[in-house]
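Student: The residues making up each chain are set out below.
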Amino acid sequence: MMGHVPLSWFLMLSAVLFSLGVAGFIFRRNIITMFMSIELILNAVNLTFITFAYQRQQVAGHLFAFFVMVVAAAEAAVGLAIILTVFKNRGTLNIDDLDSMKN
Amino acid sequence: MQLWLIPILPLAGFLINGLFGRRFSKGLVNTFAIGSVVLAFLWVLKTLFGLGGMNAVYTEHYFTWIQSGALTVGFDFSVDRLTAVMLLVVTGVGSLIHIYAIGYMAHEGGYYRFFAFLNLFMFFMLTLVLAANYLVLFVGWEGVGLCSYLLIGFYFDKKFATDAGNKAFIVNRIGDFGFSLAMFLIFRQFGSLDFAHVFAQAPAAPVGLLTLIGVLLMFGACGKSAQIPLYVWLPDAMAGPTPVSALIHAATMVTAGVYMTARSWVIYTHAPIAMDVIAYIGIATALVAATIGLAQNDIKKVFAYSTVSQLGYMFVGVGCGAFSAGIYHLMTHAFFKALLFLGAGAVIHSLSGEQDMRKMGGLRDKIPWTFGVMACASLAIAGFPLTSGAMSKEAILLAANHHAPWIYWVGVFTAGMTAFYVFRALFMTFFGKYRGEAHPHESPPVMIVPLVILALLSLGGGFIKVPDFLRSVFPAVEAPESGALTAVAIAAGLLGIALAYLMYVYKPGLPDAVANGAKGLYTLVYNKYFVDEIYDAAVVTPLVEGSRVVLWKGVDAGLIDGAVNGIGARAKGIGQVLRLAQSGNTRSYATWVAFGSVLLIFLMAVLGGLR
Amino acid sequence: MDSFIVISLIKIFVVFGALMTILAYLQWVERKLIAHIQVRPGPYRVGPHGLLQPVADVIKLITKEDLVPPYVNKTLYLAAPFLAITLALLSIAVIPFGPKIQVAGYQTWMQLTDLNFGVLFILGVSSMGVYGIVLAGWSSNNKYALLGGLRSSAQMISYELPLSLAIAAPLLVSNTLSLRKLVDTQDGWLWNWNLFHGFQYVSFIVFVIAAFAETNRVPFDLPEAENELVAGFHTEYSSMKFASFFMAEYANMITVSCMAVLLFLGGWVAPWPAAYGSGYVPVAIFGVAGVITIWRGLNPRRSRDRFTFPPFGVVFLIAAAVFLVPLLQSALLPLFWFCAKTGAILFLFIWIRGTLPRFRYDQLMGFAWKVLFPVAMLNLLATGLVIAMSS
Amino acid sequence: MDLILFLVFAGLAVVAAINVVVQRHPISSAVSLIAVMGSLAVLYLLLGAEFIAAAQVIVYAGAIMVLFVFVIMLLNAGGETKAGRSFVASLLGVPVLFALLAMLAYSTARIYPRDPEVHFGGFRGGTAEAVGRALFTTYLLPFEITSILILIAIVGAIVLARKELE
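Protein chains in written order, with this note's numbering: chain S, 2 to 104; chain R, 2 to 612; chain G, 30 to 420; chain P, 95 to 260.
Hints were generated in silico from the structure; no laboratory data involved.
Keep in mind the model is a prediction, meaning the values are calculated, not measured.
The beta carbon of each residue, even a glycine, is placed where N, CA and C say it ideally should be.
Each hint should be verified, as a subset may be incorrect.
[As the list claims (entries may be wrong)] Here are the simulated distance ranges between beta carbons:
no., chain 1, residue 1, chain 2, residue 2, range
1, P, Thr232, G, Lys129, 44 to 50 Å
2, S, Gln58, P, Tyr200, 53 to 59 Å
3, G, Lys129, P, Tyr200, 48 to 54 Å
4, G, Leu38, P, Thr232, 53 to 59 Å
5, S, Gln58, P, Glu238, 24 to 30 Å
6, P, Ile239, G, Met418, 49 to 55 Å
7, G, Met418, P, Arg218, 39 to 45 Å
8, P, Thr232, R, Ala71, 42 to 48 Å
9, R, Gly574, P, Ile252, 38 to 44 Å
10, R, Gly574, P, Ser241, 44 to 50 Å
11, G, Asp391, P, Arg218, 45 to 51 Å
12, G, Val75, P, Ala224, 53 to 59 Å
[What the hints assert, rightly or not] Here are some chain G residues the structure puts well away from chain P; computed CB gaps all over 10 Å:
no., residue
13, Met269
14, Ala313
15, Gly326
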């Protein structure tokens with residue numbers, strides 16, 4: 002069995018990527034970077050989907066990953082358009098400056 | 002037999018003209034609009050010849066439209082002899098009116114829009130006629146209502162036109178409410194809406210229920226066919242262009258109610274009370290509308306009330322069990338009333354839009370063709386012997402006499418009044434001295450030719466013996482032929498003509514004297530018995546006031562707003578506390594989310610949610 | 030296992046060497062062709078008919094000063110050309126040039142590696158190709174370069190859609206994603222090619238147009254429109270880094286040409302079966318070419334033709350003879366057809382460059398979204414419908 | 095072989111992901127993120143998901159990330175300035191993260207006390223054909239809805255991007 006990879010390693014990798022994504026989301030102040038962190042999180046989730054598809058020998062997991070990708074694409078289109086608008090109106094991408102909800 | 006082609010052709014015309022008509026020349030619009038209707042007419046002819054005797058109902062199933070629980074409604078068309086008569090009337094008269102409209106609408110704006118709506122109307126009307134179940138019929142029913150609304154409000158920049166459209170639409174909704182209830186009951190009782198199925202089982206159904214269904218159906222018919230109490234929309238509907246009045250509000254759509262009740266004859270023959278209701282409503286409408294018609298000065302209003310009155314006649318026929326007589330009158334009425342309206346349209350057209358008969362007169366020499374055809378139509382409606390109107394009216398009156406003699410006598414009286422006011426209109430328009438300022442001119446041939454064809458049909462159309470043709474569809478009525486009764490009816494008509502001649506040609510001062518002499522009665526009739534005002538006071542105002550005071554001030558502002566505001570106030574109070582957690586900083590929110598997910602995973606993993 | 034690695038390594042060296050030579054000489058061919066379109070001789074000084082010009086160019090580019098401007102983002106600036114050339118060469122790996130052959134007892138495919146989703150692989154790699162240009166444009170910290178990069182990213186995203194859709198249609202016809210099987214389904218006669226299958230010529234046209242845009246070739250060479258943007262995204266590059274972009278462009282051209290051949294033109298398959306003598310076509314071509322060249326050399330119009338033409342004639346004749354050796358035929362014939370078809374497409378690239386002017390930018394995007402994309406979409410729909418109906 | 099592949103590309107993914115988080119300039123983050131996605135695509139291949147791997151490269155790396163890079167270039171807003179103002183984030187962030195990672199790891203370890211082994215070719219159901227078959231039969235409705243979602247996203251993006259400053 003030499004050379005084979007334990008399944009849980011994939012899940013561990015996914016957990017690491019997920020946590021890094023969350024970290025990026027929490028610690029970064031640039032909206033675009035935060036957005037990319039979300040993509041990282043989604044990728045991590047996709048990895049678990051694929052891994053479970055391998056484990057259960059079912060293609061369904063791949064489809065979930067596929068749908069996640071589609072949603073990510075839609076989200077990127079709308080999200081980036083929002084970012085463009087925000088930048089046009091506020092002249093900043095710093096999330097800490099976008100706090101008009103406060104007060 | 003490709004029945005679907007019949008309604009689809011006008012629909013195609015509507016789509017082409019409606020979508021692209023704005024860019025088309027008038028010739029192209031005409032080609033599509035008239036071409037589609039004439040083709041539909043030809044296809045009807047081909048279909049009917051192909052079907053031969055039509056002793057059985059021929060049905061075509063296209064697709065299952067609705068399938069929900071026990072309810073299965075197919076999109077089905079069927080043809081029997083009743084449908085055949087209706088198809089011929091609708092497409093035939095429809096074609097003539099379409100051709101006429103080329104000339105009439107030549108100088109109007111929205112040319113393509115007019116023809117697109119007219120084609121759409123034809124589509125829905127044919128769907129209504131061809132329907133093989135109540136729901137498809139209802140589709141056509143609502144569709145023609147929609148087109149009626151659109152075409153009444155054709156001059157949408159004039160307030161009275163849009164108001165009239167709204168009125169027609171709303172009043173029709175009231176009737177449709179009854180129709181819908183009737184359909185629910187039919188489905189509840191018979192488990193189907195197919196004509197064949199329903200009529201096969203109707204004899205076994207309880208009489209009370211059938212009576213209720215019949216009355217509700219009649220309520221729907223009252224709305225569409227302008228019977229008491231819902232007739233008020235039809236006179237106002239004359240705000241639309243005259244071809245519309247002729248096609249929709251005289252020849253075809255308003256007869257849909259008659260068609261529908263005749264179609265449901267099985268239900269009615271097993272519910273005598275419902276039949277009586279129809280007969281009473283019909284005769285009352287005929288009488289009331291005729292009296293109102295006596296005092297109208299707008300030429301189209303006169304014919305509008307005349308239409309209401311004649312529709313009443315048809316219902317008398319149906320209500321007295323003489324369904325075929327009702328349909329017979331429906332057909333002849335389509336000829337002469339369409340002609341009357343189109344003739345009136347020609348008069349109005351020649352006078353550049355003048356509708357008040359007091360500003361007409363003496364047009365006999367100026368527009369002789371129009372006068373000729375109008376005279377033919379007037380003779381027909383007045384029941385001059387051997388004209389189509391005389392024959393169909395006679396059939397109805399004979400049946401009425403058989404059913405209840407008093408209906409016959411009221412009918413005869415009404416016939417006299419009909420003759421009077423129609424000839425009053427004729428005399429005021431064409432005899433005497435011209436009292437207006439416009440310069441009358443004869444209409445173009447494209448308008449005259451359809452008028453002449455309709456005039457021939459008005460005079461001779463009675464020889465198309467519809468009752469004989471429909472003998473296999475409806476139960477026979479054993480009304481004995483009676484020379485005396487016929488003579489009385491004809492005499493009443495002639496008397497009315499004579500009276501009109503006396504008052505409006507021989508001694509023109511007489512009408513004012515009569516009006517002054519019976520001032521109260523005249524005011525009452527002139528103001529249409531104040532029915533609109535009564536409806537306003539009895540229905541509209543209480544509804545508005547009730548909505549204002551009870552629903553708005555009481556329920557909405559007091560109860561609902563109070564509750565909502567109360568909830569809002571509580572939420573605000575809680576929010577005052579919770580807002581301390583809202584820093585407005587996105588990243589701290591994110592931290593909280595992460596914190597929450599950690600907590601959740603902790604609960605799942607450590608506290609044993611996992612395997 | 031070991032032999033697999035050895036064979037693979039040999040194949041990699043052969044393909045890489047051949048590819049690099051072709052890249053260099055494609056440039057020479059292009060310059061010559063365009064010169065002839067414009068009625069001038071083109072490169073003529075270095076070697077006979079300028080044949081050594083590519084070598085000279087390579088020497089020049091290598092020895093030039095490797096300049097890194099001080100204001101650039103260094104990491105990305107250095108990574109961009111590397112990325113561009115790597116991604117451009119990567120897709121060659123899965124392209125088959127011929128069928129299975131036997132060399133010294135070893136059987137192997139004329140292909141570096143086969144993937145049963147080879148088409149997807151190429152699509153993926155080509156979709157990544159844009160990064161080289163974009164990053165070069167951005168990291169140069171230069172407004173012309175940035176504009177070139179922006180234009181190119183928008184252009185490549187836009188044209189990737191019709192390209193993918195156009196690729197999908199013949200895939201539906203052939204019902205496979207493997208490039209080898211794709212060729213197998215087009216075996217036999219000319220009309221078995223996907224190009225002549227129903228209305229697939231529409232896909233072919235869309236594919237070729239989109240391929241022009243994907244490779245930033247005239248008339249879609251907006252990212253490097255020299256009269257507007259100096260040199261576009263590679264304004265700040267010189268020496269070998271510039272050469273990398275240059276090679277990447279030509280490598281991409283070769284890749285899409287190969288794709289066109291594999292997808293539409295039957296790959297290495299001859300237009301008609303060998304039973305009807307298609308195997309003798311290269312012999313005939315090379316033979317006739319050799320004879321003509323020698324004859325022209327013996328009756329020269331210009332004095333130097335006496336020395337330059339006969340050697341080429343001899344080379345052609347030797348090539349003709351080689352095609353007659355039965356042992357080599359199995360390998361060389363498919364390769365000949367593949368190269369001939371790819372060459373035809375490449376000729377089309379150059380021809381159009383010599384013929385058409387450049388699009389305006391809004392026209393370019395409008396064309397992609399309003400014309401090419403709907404056409405490709407409808408074509409795919411129609412293809413799907415036809416296949417669904419016929420199966 | 096599988097182990098080497100996994101270690102190489104998992105390592106690459108982790109390093110690149112760390113890079114995503116720590117890089118100052120968004121474009122560096124974006125490039126790193128592309129690297130993560132590429133490595134993940136290889137891992138997907140290892141797990142037998144060849145179609146998803148290709149889609150990952152084409153859609154994620156080739157389209158979505160190009161969009162990101164495009165926007166970053168378009169705005170050209172420069173790097174991030176250092177001005178942490180979120181009290182909660184700075185206070186809770188690091189502990190929460192470690193807790194998250196620990197929890198995830200713990201859960202994984204609990205679910206898989208005995209690991210199944212992954213080897214290349216162990217699952218062959220991820221071909222384009224298999225995915226397509228499932229997509230157009232069992233998952234047809236979600237697929238159709240997805241197309242509507244995309245349409246809405248397109249419209250939304252256009253509306254947002256067109257909005258003029260008042």
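Student: Look at each hint and say if it fits the structure.
Tutor: A quick look at each hint next to the structure:
no., hint, result
1, P:Thr232 x G:Lys129: 44 to 50 Å, "38 Å, violated"
2, S:Gln58 x P:Tyr200: 53 to 59 Å, "26 Å, violated"
3, G:Lys129 x P:Tyr200: 48 to 54 Å, "52 Å, holds"
4, G:Leu38 x P:Thr232: 53 to 59 Å, "45 Å, violated"
5, S:Gln58 x P:Glu238: 24 to 30 Å, "27 Å, holds"
6, P:Ile239 x G:Met418: 49 to 55 Å, "27 Å, violated"
7, G:Met418 x P:Arg218: 39 to 45 Å, "31 Å, violated"
8, P:Thr232 x R:Ala71: 42 to 48 Å, "31 Å, violated"
9, R:Gly574 x P:Ile252: 38 to 44 Å, "42 Å, holds"
10, R:Gly574 x P:Ser241: 44 to 50 Å, "45 Å, holds"
11, G:Asp391 x P:Arg218: 45 to 51 Å, "48 Å, holds"
12, G:Val75 x P:Ala224: 53 to 59 Å, "56 Å, holds"
13, Met269, "22 Å, holds"
14, Ala313, "42 Å, holds"
15, Gly326, "52 Å, holds"
Consistency with the previously given hints fails for numbers 1, 2, 4, 6, 7, 8, ordered from lowest to highest.
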